[in-house]
Amino acid sequence: MILDIAVQGAQMVLVLALAPLLTGFVRKVKARLTRRQGPSLIQPYRDLARLMRKDAVVAEGASWLFRAAPYIVFAATWVAAALVPTFAAGLVFSWSADLIAIIALLGTARFFLALAGMDIGTAFGGIGSSREMMISSFAEPAMMLTMFALALVAGSTQLATVSSVLATPEVGLRVSLAMALIALVIVALAEHARIPVDNPATHLELTMVHEAMVLEYSGRHLAMIELAAMLKLVLYISLIACVFVPWGIAPSGAGLGAFAAGALLWLVKLAAGGFLLGLFETSIAKMRVFRVPDFLGVALMLGLLGTLLLFVSRSL
Amino acid sequence: MQAGAALLVVVGVLLGIAALAVALARRPRAYRIVYAASLAASLAGFAIALTALLSNAASFVVLPLGLPWVGARFAVDALSAFFLAVVNLGGAAASLYGLGYGRHEEAQHRVLPFYPAFLAGMNLVVLAADAFTFLLSWEFMSLASWALVLAHHREAENRRAATVYLVMASFGTMALLLAFGLMAGAGGDYSFAAIRAAERAPLAASLALVLALLGAGSKAGLVPLHVWLPLAHPAAPSHVSALMSGVMTKVAVYGFIRIVFDLVGEPAWWAALVLIALGGISAVLGILHALMERDLKRLLAFSTIENIGIVFACLGLALAFRANAMEWAAALALTAALFHVFNHALFKSLLFFGAGAVLTATGSRDMERLGGLIHRMPATALFFLVGALAISALPPLNGFISEWLAFQAILQSPALDGWGLKIAVPALGGMLALAAALAAACFVRAFGVAFLGRPRAPEAAEAKEVDRFSLAAMAGLALICLLAGILPGFVIDALAPVTRLAVSGAMPIQAELPWLSIVPITEGRSSYNGLLVFLFIAISGFGSAAVIHRFASRRLRRAPAWDCGFPVPAAATQYSAGGFAQPFRRIFGATLFAARDEVTMPPPGDMRPARLVTIIHDPIWERAYVPLAGAVDRLAGSLNRLQFLTIRRYLTLVFLFLVALLLVLALWT
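Protein chains in written order, with the numbering used here: chain G, 1 to 316; chain C, 1 to 669.
If you are wondering where the hints come from, they were derived from the structure by calculation, not from laboratory data. All C-beta atoms, glycine included, are put in the ideal place defined by N, C-alpha and C. Please note that the accuracy of each hint is not assured.
[As the list claims (entries may be wrong)] Part of the chain G face toward chain C, derived, beta carbon under 7 Å:
1) Q43
2) F111
3) M301
4) L304
[To be verified] In silico SDA-like pairs for lysine to any residue, Cα to Cα no more than 20 Å straight-line:
5) K54/G to Q37/G
6) K54/G to K464/C
7) K464/C to G61/G
8) K54/G to A552/C
9) K28/G to P39/G
10) K422/C to V175/G
11) K286/G to N199/G
12) K54/G to F551/C
[Stated by the list, open to error] Taking CB as the label site, the calculated pair distances span:
13) G297/G to D597/C: 17 to 25 Å
14) A260/G to I509/C: 35 to 43 Å
15) V171/G to A47/C: 50 to 58 Å
16) V568/C to A260/G: 54 to 62 Å
17) S40/G to P603/C: 53 to 61 Å
18) G155/G to R634/C: 53 to 61 Å
19) G155/G to G363/C: 55 to 63 Å
20) R611/C to G297/G: 28 to 36 Å
21) G297/G to R500/C: 51 to 59 Å
22) L628/C to V171/G: 35 to 43 Å
All chains, please: the whole structure from these sequences, using the hints.
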């Protein structure tokens, strides 16, 4: 029992501690691919520390919601990230929220962030909120349908069970899983405000979404929002990894060796995911905003097709 | 005393209050007496119904009312006890709200007598145990609510709403009348017990099902019978809007469940498919309409269509599972539907109360004239936010639980037979997920435009917080929303007798599970724990705030908004409700609603402002209802000639008709 709680605690701390590193790694990869030196790997930690120490400058018309939202966004994202199996499967609280609840927790975070964007009453905040909700109105159903496909293959919506079932050789290669993978990657790119949907490096540009929403934030509030965004990246890569590359995740009650091996393997998965993300982002251009529904529509259709195939036959 | 008899006493008291209100209505303080008495009666009704539901005690009462040789039968079983609890809870909240809100009502004598009568009517529909009493109560409920819709009759818009409502309500009652006629058959015994026991031909059963769907669906606001709902619900005073949207639609759902799950027997195979299709379409179309709407109360009315769609889709799933002898899955789907009925009654009432508070404080329902109310009305804003989160199906609130149960039910359905279902159910999953995501967008827009930002009109800048009765009603509903989201197991357990009655199965007992989780089937398949999720979010949110304030920085500076260096002080530069909806209008509205944005730009040098006009069409209204109304008009015009015949011709007509009737009778037997 104590070991279980320790593992759960370790997971919570690990996802939080590694999140800035992963973001730094992706930035480094992108910089190297464009033949730049790029900032050091630990630059995101320095940024966060600096932001947290600074005064928070809050606009005059801001309400309590503006000040509370960063903590709510961070808390909901952190809880969601802590419940995804990363290096160990049988987390002691993993049954308290299944796949659907994890998606919905991210929805709660997004709801508050979009509201915070509208709180000051500026045009930038509104445009960001409106577009964020537009993107999520496609991404969320696509994600949900993908989850249906996974849940139907595994016969469970518990992420730990899904992961352990998909690790068994009986599952094999399936059309529906391939569709789910593509859909999930598209959704992850959109939900994490990545190219081609949004550009995390941009500023002062009318096409931006996420950055427009958080434009008024500064200091510790901005740090919490940035940290939540970094956590979301860890969450999505871990989610894709634990479903599609589920090998090496330590089962519940395993020894310390298995946990260490699982953690090491998880780091490798994160690094691979981060590298692929950087590679993808440097090789593609950003879409204009009304192309995004088409892009996400592909994910929606793939998710629906995958689920439909599983309704037709359990073995597809 | 039996629950049935006790509830009839409550109904009698409510009717007495209505009679009293007729006498008192002109006095300025009458509203206090009427609403306080209605509150007491509703609370008593809620307590009785809840006790009956938890103890699962059935009761039956016959009163010597109505037709002399028929009498009026009333009964309470688990199904009606649940709906009576919902009706009276909603009634109690609305009465409490009315205690404060009633002061602002100008047409007291047009509201007070009908309000308790409306509550009594809804109770009677659910209590009725024969077709005659059911239809009479149904019509009584419709007429009482119609009178309330017409309370502010000087506005042409409200008169039009009341006319459309009256036509649709009559149509619905006629459909139900025919449904009961078909079910009772030629024997003429209209008691529910006799209808339940009777054998009927498959064709008659199918026809009765379609008619029940038309009758109850038109009252509930199922697409394409929804057209009256967004007109009539917002026209009534706000607490009545809450009752109509939150509670009366649930009475319609009750009528449908009673007929289809209890009375008509095993329905045809396509019934589930029809329900799933209509439910999914209602959910998506309703929320898309809401997303484009700028009137706050109409937005809420459109979102009712969405929620009714979710309920009917879950009912369809339950029917499909029951037809396939999967009782546990049918119980899961029906629990999802009933849980959503309960949830929607709570948060829709809460949101209508919030909209009513905004209306009294600012005099406006138009979101383009609101803004910044979170500063002027902090408590209303907080409660409205809880309602918005709950209706957007976000954890840890209650809306998420019913959505989650619905998704769990969908995941059980690959085992169903029939290709139609195999294709319709995954599509339904996609539609429900789409509707949930769009609902989140819709309520970010509603809350963000009305309560956040800066005031867009002077009325909004000078708004004052509403009275404490209204706030108490909102606070109570918000608290129940939160509790039902954190401890859903108790609600699910309370629903077990209802599902046992309707689909002869029930979900596993939830109260004994560790940590108060909910487990729909087995723990290996899925589980959710609202309590832990809520605690985790609260602890990590407050914990991180405390750590940062303690170890990093807690200083705060106020400064003008940054806005990329070009802040404009005019409130009109904010994102408007129309602007927020623009991407959705462009993506969904262009095809579904033929939405267009027309921009008139004055030529250079002209100082007139540019204008943007948004045009949205309702295809169902324009393609179905307008031609239908035209056809009825033309038919009435041509039949008008019958009015000016000579007596000879009238006699000939009567004679011919009599012969035709006798011929039909002769051929029938």
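Evaluation of the provided hints:
no.	hint	result
1	Q43	violated (18 Å)
2	F111	holds (6 Å)
3	M301	violated (10 Å)
4	L304	holds (5 Å)
5	K54/G to Q37/G	violated (28 Å)
6	K54/G to K464/C	violated (36 Å)
7	K464/C to G61/G	holds (18 Å)
8	K54/G to A552/C	holds (8 Å)
9	K28/G to P39/G	holds (7 Å)
10	K422/C to V175/G	holds (18 Å)
11	K286/G to N199/G	holds (7 Å)
12	K54/G to F551/C	holds (12 Å)
13	G297/G to D597/C: 17 to 25 Å	holds (22 Å)
14	A260/G to I509/C: 35 to 43 Å	holds (41 Å)
15	V171/G to A47/C: 50 to 58 Å	holds (53 Å)
16	V568/C to A260/G: 54 to 62 Å	holds (57 Å)
17	S40/G to P603/C: 53 to 61 Å	holds (56 Å)
18	G155/G to R634/C: 53 to 61 Å	holds (59 Å)
19	G155/G to G363/C: 55 to 63 Å	holds (56 Å)
20	R611/C to G297/G: 28 to 36 Å	holds (33 Å)
21	G297/G to R500/C: 51 to 59 Å	violated (43 Å)
22	L628/C to V171/G: 35 to 43 Å	violated (54 Å)
Hint check: violations occur at hints 1, 3, 5, 6, 21, 22; the rest are consistent with the structure.
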